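Keeping their order, the protein sequence lines are chains A and B.
Going by our numbering, the first residue of the first sequence is number 1, and it counts up by one from there.
Going by our numbering, the first residue of the second sequence is number 1001, and it counts up by one from there.
By construction, these hints were calculated from the structure, which means they are not laboratory data.
Note that the structure is a prediction, hence the values are computed from the model and not measured.
Check the hints yourself; a few may be wrong.
Covered by chain B, per the in silico footprint, the following chain A stretches (three or more residues, Cβ under 8 angstroms) [to be verified]:
hint, region
1, 180-192
2, 237-246
3, 298-307
4, 360-367
5, 387-396
Within a straight-line C-alpha distance of at most 30 angstroms, the following computed DSSO-like cross-link-like pairs (lysine-lysine) qualify [claimed, not checked]:
hint, chain 1, residue 1, chain 2, residue 2
6, B, K1134, B, K1275
7, A, K441, B, K1228
8, A, K444, B, K1073
9, A, K228, B, K1228
10, A, K409, A, K441
11, B, K1412, B, K1352
12, A, K409, A, K352
13, A, K228, B, K1444
14, B, K1441, B, K1352
15, B, K1441, A, K228
16, B, K1114, A, K444
17, A, K114, B, K1444
18, A, K73, B, K1444
19, B, K1275, B, K1409
20, B, K1228, A, K444
21, A, K444, A, K409
Quick list of simulated restraints, FRET-style, between CB atoms [stated by the list, open to error]:
hint, chain 1, residue 1, chain 2, residue 2, range
22, B, R1110, A, W342, 55 to 61 angstroms
23, A, A449, B, R1141, 36 to 42 angstroms
24, B, A1120, A, E374, 25 to 31 angstroms
25, A, P286, B, A1120, 30 to 36 angstroms
26, B, G1317, A, E299, 25 to 31 angstroms
27, A, A307, B, N1380, 56 to 62 angstroms
By construction, the Cβ of each residue, glycine as well, lies at the ideal position given by its N, Cα and C atoms.
Below are the chains, spelled out letter by letter.
Number of protein chains: 2
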Amino acid sequence: MTSLAHPAAAPASVRPSRSAVESVIAELAQEFGPNLLTTAGSTREQHGNTASWLPSEAPDAVVFPQCTADVQKIVRICAAAGVPIIPFGTGTSLEGQINAPFGGICVDTRDMNKVLAVHAEDLDVVVEPGVTRKQLNEYLRDQGLFFPLDPGADAALGGMAATRCSGTNAVRYGTMKDVTLALKVVLANGELMTTGTRAKKSAAGYDLTRLFVGSEGTLGIITELTLKLHGIPEAIAGGICPFPTVEAACNAVIATIQTGIPVARIELLDQLQVKAVNAYSKLDLPEVPLLLVEFHGSEAGVAEQSAHFGEIAQELGGGPFDWATRAEDRTRLWQARHDAYWAAGALRRGTKSVASDVCVPISRLAECVVATQEDIAASNLVAPIVGHVGDGNFHLGLLVDMDDADEVKRAKALLERLVERALAMDGTCTGEHGVGQGKMKYLKAELGAPALAAMAAIKHALDPAGLMNPGKIVPADLVSWT
Amino acid sequence: MTSLAHPAAAPASVRPSRSAVESVIAELAQEFGPNLLTTAGSTREQHGNTASWLPSEAPDAVVFPQCTADVQKIVRICAAAGVPIIPFGTGTSLEGQINAPFGGICVDTRDMNKVLAVHAEDLDVVVEPGVTRKQLNEYLRDQGLFFPLDPGADAALGGMAATRCSGTNAVRYGTMKDVTLALKVVLANGELMTTGTRAKKSAAGYDLTRLFVGSEGTLGIITELTLKLHGIPEAIAGGICPFPTVEAACNAVIATIQTGIPVARIELLDQLQVKAVNAYSKLDLPEVPLLLVEFHGSEAGVAEQSAHFGEIAQELGGGPFDWATRAEDRTRLWQARHDAYWAAGALRRGTKSVASDVCVPISRLAECVVATQEDIAASNLVAPIVGHVGDGNFHLGLLVDMDDADEVKRAKALLERLVERALAMDGTCTGEHGVGQGKMKYLKAELGAPALAAMAAIKHALDPAGLMNPGKIVPADLVSWT
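Kindly generate the complete structure, drawing on both the sequences and the hints.
What follows is the structure, given as structure tokens:
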């Protein structure tokens, strides 16, 4: 359905000429000076490190803008020379979002890390894209407010929006698409666009905010975010709940969601992941499938919800659900949960840790997780499972010996089947990690050719020269470049 | 910033030739027969009736597709001849969304009214676009499920998604952008696109679902929706709470939201609107500013929340908050709330009822409503105020004597100032009614030229011939048609 796309310029589907790159670097060096523009190999390599098994592809240079106007300058300089632009937050994305397959300039928003305004009375905040989630929450704590989204890493909020990320609280507070009120975005032509206002809802035209959330830098660079906040709950209750099987744990999740208990977090760790977490975080959790559960509300509310969940767990053969409202215990547990990725890696030193996620309708969760575990065993692979199961979303942490060609082959085949299984259950190839380079090949199977053609048409409409983070999300060959 | 748009074909910015229209009508007549294709004046006029003071602009014919394949046929026939296509649900939009300024074929989805699948275990439902919100809730009731969004009218779900509507429950359950999991959309070239899966969240590419929610038929025609459902709450408590002033009522709303009480509905009726409702719905509500409030949850939860809200109201000079859990009382009250539009109209018979909405950050709500009331009085106009104030969203129901040119002029000026006031408070020109024809002129002031250019580029990318509901949202002169 290429008829939807109306190309006007040649895309950066091939690496620009060395002279184009060199002239851009020279111009940027003049603008930004040696402290804010570097071509040092180590810095470039660090910015092309994909935290996955995708080959790293370093940019030609890394620039550190200090403000939105700097980003506009960079984009205009690159656009004039036909050189790709790759935005960079903390580099913790998992599907190669920050790779530079065609070279180009990496725009690291590290120094754009100011909280610009807190509107406590409206429960919103305006931040620069380099502010990280932990930095924001430290900033907010004194005001009794918090920002709920928490990917494992202490990611930058610009990158979190660009990847449409979520985390353990999404079951209650939503994903980045739900908490982002408005963005400022530098477009491919260097102009600065505002996508929304601070109104909590709007029906004013196309939803540009949601279009840019999850666009992974392929449509523009986010330089400011207005985000929803929440009051720190009066009471938080949480704890761990053991189950005899992963299936029983998943069924407890399903029953909890179906019953409408407003759970704030409900996370699955399979037996292997529990072992990994115990070893890595020096804990002594029972080494069986666990749910980590948390409730937010009034004292009476969280007590009622905890008791209700405990009954569900018991009916399904799990429990006891030991819950507490002591912050110290909870903090240690959730830090261990957030360290799951690194804990898994430590299970098998010297291997590559490959994290992949899928998301299915909750009724299929138990079936999907169990079939995946069986597949892991049959494939003779090591891959703990951990997941934001309240949303039907779970992750494999595959540990792959990259020197063992047969193991790499089996691992790739396993991940293919993981996605196929999720799609067959009317699920998605990624719940929160995004597409990047790693999952481009699944979009057509998931949504069909017309959706991919529409994405290509939108990409082309907003980035006619194909310079914004090329080689991600939309395959270049789908756009009818002329 | 027209450089983002890359036109390929001439748009339907002028009415197509009579012969093109006649040939399309002849072809449609052959396909659909006289029962499903009509050019009768009364039907055409009914389909161009805008429920506003915008002049009605009837389509050239109305066709009633029975299925998605019918819609594809219609689009292909119209596209081949360059004739505009205007989708139609129940015709209850308020900003001229269904007008046919360039003529064309109205596609009335009335007969596409089947509930295709209920997945109770996943809390989702798949429906055709002609299913109305009341029809859906009647269908679901036996299963203990409900769909929360409730515009005043018994609107069709396809139109509700197209307009990004919300209603009284949005403060708790979100708007159509939040409850729509996936759409099937017939694109401008007749192809059928799927925008998502039944997974509760996804990071798989551009958010096509959210792009089409709120696109008002200008990018394609929605032919299937997958929507989130909720379990009917264990307990519902609600009631009315009087306040001495609108300001006190708004301040109670602000305090309730800031405290994090999970209110399900919190609606403001100003004194004049209460009078109108009493007269129209035969009620005897106290004729002072009122909040209609409802809580959903467990028995203990709603009691706790009701008590908490009652305390807030009292502190701000309001109350008593008489709440009850009896369904009969609540139903009557909410029907009266939903009839507010018609009740307002009955205040001043023979006038045109012009409903307009804005939405502001909640901290500015009291100030905005009070300033608007003062403006109404100074303008010597009649305009009750009613609103989904938990979101900072409120409506004027202006009653205008259309034969009084001076009054019309004053009314138009009032609405201009209403929007200006909202924008100056970092709000939006429409919280839920959409842009249609009526609010196109405000988009640039709200979001700026780059956002409007981006919308034009997207419009052009997905509808290069400009045939999908032309003359709505994106001004044709912004697209650099060549």
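Hint check, failures only: 2
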